[in-house]
Amino acid sequence: MKIVVCIKQVPSTNDVKIDPQTHNLVRSADGVINPFDKNAIEAALKLRDQTNGEVILLSMGPESYRESLLEGLAMGADSAYLLSSRALGGADTLATGYPLSQAIQKIGDVELVLFGRQSVDADTGQVGPIVAEYLNVPQVTFAEAIDLTEDHHLIGKRRLDAAEQEVEVELPAAVTVRSEMNQPRYATPRQIQKSFEKPLTVWTEQDLDLDPERIGLAGSPTQVTQVYAPAAAKKRVTMLTGTPEHAVQELLQSL
Amino acid sequence: MTNESIWVYIQLNQDKIEPTSLQLLTKAKQIAEDKPVWAILLEPTTLTAEATIQQYGPDNILRLRDDRFAAATDEELADALEQVVTQYNPNSFLFPATTAGRSLAPRLQAKLQTGLTADCLDLAFDGDTLVQVKPTYGDNIMCDIICPDRRPQMATVRPNIFKAVRVPNSQTEVVSATFTFHPETTMTILNTTRLISQTASLSDAQTVIALGRGANQPKTIELARQLAAKMGGVVGVTRPLTDDPQFTHDQQIGQSGQTVAPDLLINLGISGAVQYTVGIQNANRIVSVNTDATAPIFADSDYGYVGDATEFLEGLLAQVK
Ligand SMILES: Cc1cc2nc3c(=O)[nH]c(=O)nc-3n(C[C@H](O)[C@H](O)[C@H](O)COP(=O)(O)OP(=O)(O)OC[C@H]3O[C@@H](n4cnc5c(N)ncnc54)[C@H](O)[C@@H]3O)c2cc1C
Ligand SMILES: Cc1cc2nc3c(=O)[nH]c(=O)nc-3n(C[C@H](O)[C@H](O)[C@H](O)COP(=O)(O)OP(=O)(O)OC[C@H]3O[C@@H](n4cnc5c(N)ncnc54)[C@H](O)[C@@H]3O)c2cc1C
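Order-wise, the sequence lines are chains W and U.
Residue numbering for the first sequence follows the numbering used here, starting at -17 and increasing by one per position.
Residue numbering for the second sequence follows the numbering used here, starting at 6 and increasing by one per position.
The following block holds chain U by itself, in its conformation from the complex (with noise of 0.2 Å):
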């Protein structure tokens, strides 16, 4: 028997919460109509993850508690997930399309033998089945995908897409798992340092300056340090400037990047490439400076201003308080 459910897997980074994993419960309860949401969180005994969890408004939580969770491989969460899966039979489960969600996801696909749609922009239910909306080839081309016949729909969802949204459910119910720990004899997790993430910071910022080809002089990525100090900001980059050593793959806003959702976007120099503007779509306000007037980035702008970078920066300095 299939129970309808909807599950979301919360994964863990260390002792944080991923946000993904928050804005997906959040996606799931607007798309469940009567379906109940599920968290499935995989703890240590060492975390007490489940009140965070609750504000955002999960009917279950379904908890699988182990000390060994703490540095699991792959192979060992998708053993304890199947387990689970094949106990209660969800109607469709939901990844974080991050770097762990994408290496767990296809591992546990093999293991219950069911589809798995990769790096979802949307989801919607038409009746009991999940429509996953996905691009391809690098973002230039969207396409609806379903996996009608086996279950549980399983899709991977990028990151930053939706906003969660805090709705605490005292209904709540915790509910722990039966399940058997079986350790992976062959790999061993030697260690896992925390990195002090510009990429986090890039996600979560309020407010992004950010750089392209037309602004990549020294003098104008001082300035703009300078203003992003000045408005308690962030430098975000497009791909070619991170070929710069003084910028990261972290710093890279867009499709193979990240995606910011920030309530003020200034971009400087960046003509607004589709693998670009992708990562763009959930920014609030855009303001973009380009010395072409026909340049694309203006179409996903709410202020433009055709001049130079490096003079609209000097401006914003001066004025900005």
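Next comes chain W alone, as it looks inside the complex (with noise of 0.2 Å):
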């Protein structure tokens, strides 16, 4: 069975600042596999060893996004596609979500593709319910819990909002994952050699025959039109002083 992880790239740390005469994100230029797209990979591994399958990674973005998927590979996926080209770049979550479920339809007979639940730089958690309405395949999003069955179904555990779900979907699926599944395995020194071994294809929109209207930034219903820090709403602090039974008392007070 073929599972395909779709994987997103992000700054190592969300510790950015706004250049206060440019005002340009000021970001590190490391990046790393977004933290919930390992539970996801994780959870393919642990499938595609009970079923013999096969995990594919998948992302989009620049080429610099080859050392999440080299790093994915290390962790024992089978092969990894990248989509990356001028094109492409600048795009929305529906602009993303298209390319990807594409390149799905491409690599053929997908029976499972994995999503982290969100990523944790934009933080939109829509790029997996996009690419299941694009794969007109159904979805379970934040799901804690999957198991396969033996008649070719997948039964979800989802945390709702005030309610724990038990789903059961026939495959082909596409699932969001959070963190609470599983514990991401690292990559051991032989599997980091074998993953430079490993196929790596690079696709642009040319082999997926996009529509150049729906891809990149001309294909992006949203726009940024301003990036700021947060208004820092601060209040006037009292200050509590003497000992702490003093301090409740003084509090209690003006209460």
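Any given hint might turn out to be false.
To be verified - In silico PhoX-like cross-links for lysine-lysine, where the CA-CA straight-line distance does not exceed 25 Å: (1) W/K28 with W/K176; (2) U/K168 with W/K217; (3) W/K(-16) with W/K88; (4) W/K(-16) with W/K217; (5) U/K21 with U/K168; (6) U/K21 with W/K139; (7) U/K116 with W/K88; (8) W/K88 with W/K217; (9) W/K28 with W/K180.
Stated by the list, open to error - Short derived list, chain U residues pointing at chain W, Cβ under 7 Å: (10) T50; (11) T119; (12) I194; (13) N196; (14) D307; (15) Y308.
Said to hold, decoys possible - Output of the computed footprint for chain U on chain W, the stretches with three or more beta carbons under 8 Å from beta carbons of chain U: (16) 113 to 119; (17) 146 to 153.
I should point out that these hints are in silico values taken from the structure, not numbers from a laboratory.
Note that the Cβ used here is the ideal one computed from N, Cα and C, for glycine as well.
Both chains come to you apart, so use the hints to assemble them.
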């Protein structure tokens, strides 16, 4: 069974600042696999080992995203695809979901597509459901556990807002994974060595026969018009003094 | 033709209305200017949520009734919503940024080929354009996002950012929608178990005692529980304390946890990282205790005390009635 795991590369820290002169984001250049996507890779590797399947990584982004794909291969995935070209850049979630779903169709016979529950930078969690819609498959979002049944179904446990839900879907299906699902494995030195020999294919919009109106900036209905630091609506603090007993007294009097 | 209405999705958690949907009705009315506000209700016939919704003053309630909505999949809900959106062409469509909303809205977005801004902290109209304020990079950065050319303009909005205000509207018109329920044949909801949710009690609590890494001793935690019981409040924690098996993620306050809006919040041994403080912006009065006089938490507090969390707790327990 073919399992595709969609992964995004994110900055290694969220400690970004705004340059006061240029108003541009200042962020570290080094990227890592979005942490939730590691849980998705781990889930895929476990299912592969049960079913003799194949785990294929898929990412859309600049050349530098190779690093994350290599890291995922070193965790044990079998092959990887990178969708990369200028025309794909500047995409919002809608224009990210479209090329990803087209690539999954081109890979062919994919029975399960896994996502992280959300990225830790832009943080929308939208790409998984968008791809599920384009592929016209059922979605299990915010999954805490998944299991395959004998008859080609998947049982998923989801955590909802005030409830827990168990669902059964017929494959193919899409699942977004919570970190509670598992503990991602570390790459062993031997796996890291092997990762460089595994197939990593780069596709552009031409390889996928994409509609140019639906990709990149042109295909993105949303526009970011302004980026700024949160307004610090700071309070004026009254400090309590003396012994803890005294401070509590002071507090209770003023409340 | 675009109907200039603002739509709010009424999320039902089994037989209860998700509070965020009511908060969004209030916010929509505040920013609407003269645009009508519609509540969109997908409801099984066993329920009548209309009376409650009307208390929050929408101009219209668009009601889709089918018993299968008692346990419908994201695809089934999105399919029904797509049918009514294409009938009425609203200006914008707001969803709670809850698990349910964040699963459903992007599925609908892809059907409608429009934009969706995630987890907004604020909304405002600039003419007919909805300016959506969204945090990124773990709430370290804000951005304004618009969707100028396509409709509806869709957004999910974080729970407990706005307060729901009752303004009953005797003019609210209930409109029954025409649609066809298309069952999703490849997915079955086996069961849905309601959780006796600490989340709900934390986000609704009027008094919250919050513990951080500087208040993680067993004795301190026990005292905090006693104080919470005495004051009719609940205990919340920062992220590091969720490593302790006696706390779950449901009790975490902050960007990746709950947003709280109590009348009184007492922070004990909490440094005040932005990922934490974003979850407490709607607390009315904030008291913070920290051994470090330079801890950033004091800048977000109404009252501060430089000292030991446990001793302060003991003082409170002794003096609070
Ligand atoms: C400041 C800022 C704010 C933004 N806000 C919005 C917004 O509100 N709405 C909007 O539509 N777009 C927004 N975007 C654009 C958005 O970041 C990109 O579309 C991005 O490619 C995917 O969105 P995400 O990071 O939210 O991923 P999510 O949807 O949170 O990611 C969920 C999962 O999808 C998969 N995935 C995501 N991206 C990729 C990828 N490139 N390749 C492979 N798999 C992937 C991963 O499995 C990931 O765990 C914003 C961008 C910026 C810079
Ligand atoms: C993407 C992302 C999301 C995150 N989401 C969240 C979130 O939702 N919620 C959250 O809380 N965090 C979140 N964090 C983590 C956050 O950045 C901080 O690390 C965390 O809030 C710190 O918790 P703390 O204040 O308990 O601990 P610390 O920062 O270690 O602070 C402990 C404080 O206790 C004080 N102290 C020590 N001893 C005593 C004593 N005896 N009495 C009184 N005070 C004492 C110290 O002076 C210090 O200020 C997130 C981080 C990231 C990167």
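Verification of the hints:
As the CA atoms of W/K28 and W/K176 are separated by approximately 19 Å, the hinted pair is consistent with the 25 Å bound. Between U/K168 and W/K217 the alpha-carbon distance is near 20 Å, which keeps this suggested pair within the 25 Å criterion. Between W/K(-16) and W/K88 the alpha-carbon distance is near 13 Å, which keeps this suggested pair within the 25 Å criterion. Between W/K(-16) and W/K217 the CA atoms are separated by roughly 55 Å; this puts the pair beyond 25 Å, and the hint is violated.
Taken as a hint, the U/K21 and U/K168 pair is honoured in the structure, with Cα atoms around 18 Å apart against an allowance of 25 Å. Among the hinted pairs, U/K21 with W/K139 is consistent with the structure: their alpha-carbon atoms are about 22 Å apart, no more than 25 Å. Taking the CA atoms of U/K116 and W/K88, the gap is near 21 Å; set against the 25 Å cutoff, the hint holds. About 55 Å separates the Cα atoms of W/K88 and W/K217, which puts this hinted pair outside 25 Å; it is violated.
This hinted pair checks out: W/K28 and W/K180 have alpha carbons roughly 19 Å apart, not beyond 25 Å. About 21 Å separates the beta-carbon of U/T50 from the nearest beta-carbon of chain W, more than 7 Å, and the hint is not met. A cut of 7 Å between beta carbons decides the hint on U/T119: the least distance to chain W is about 5 Å, and the hint holds. Satisfaction of the interface hint for U/I194 is found here, the shortest Cβ-Cβ separation to chain W being roughly 5 Å, below the 7 Å cut-off.
A least Cβ separation of about 5 Å between U/N196 and chain W falls short of the 7 Å threshold, and the interface hint therefore holds. Interface hint at U/D307: satisfied, since its Cβ lies 6 Å from the closest Cβ of chain W, which is below the 7 Å cut-off. At about 5 Å, the closest approach between the beta carbon of U/Y308 and any beta carbon in chain W falls short of 7 Å, and the interface hint on this residue holds. Restraint check on the segment 113 to 119 of chain W versus chain U: 4 residues with Cβ-Cβ distances below 8 Å, three needed, restraint holds.
Against chain U, the segment 146 to 153 of chain W contributes 7 residues with a C-beta closer than 8 Å to a partner C-beta. That satisfies the three-residue criterion, and the hint holds.
Of the numbered hints stated above, those contradicted by the structure are hints 4, 8 and 10, listed in ascending order.
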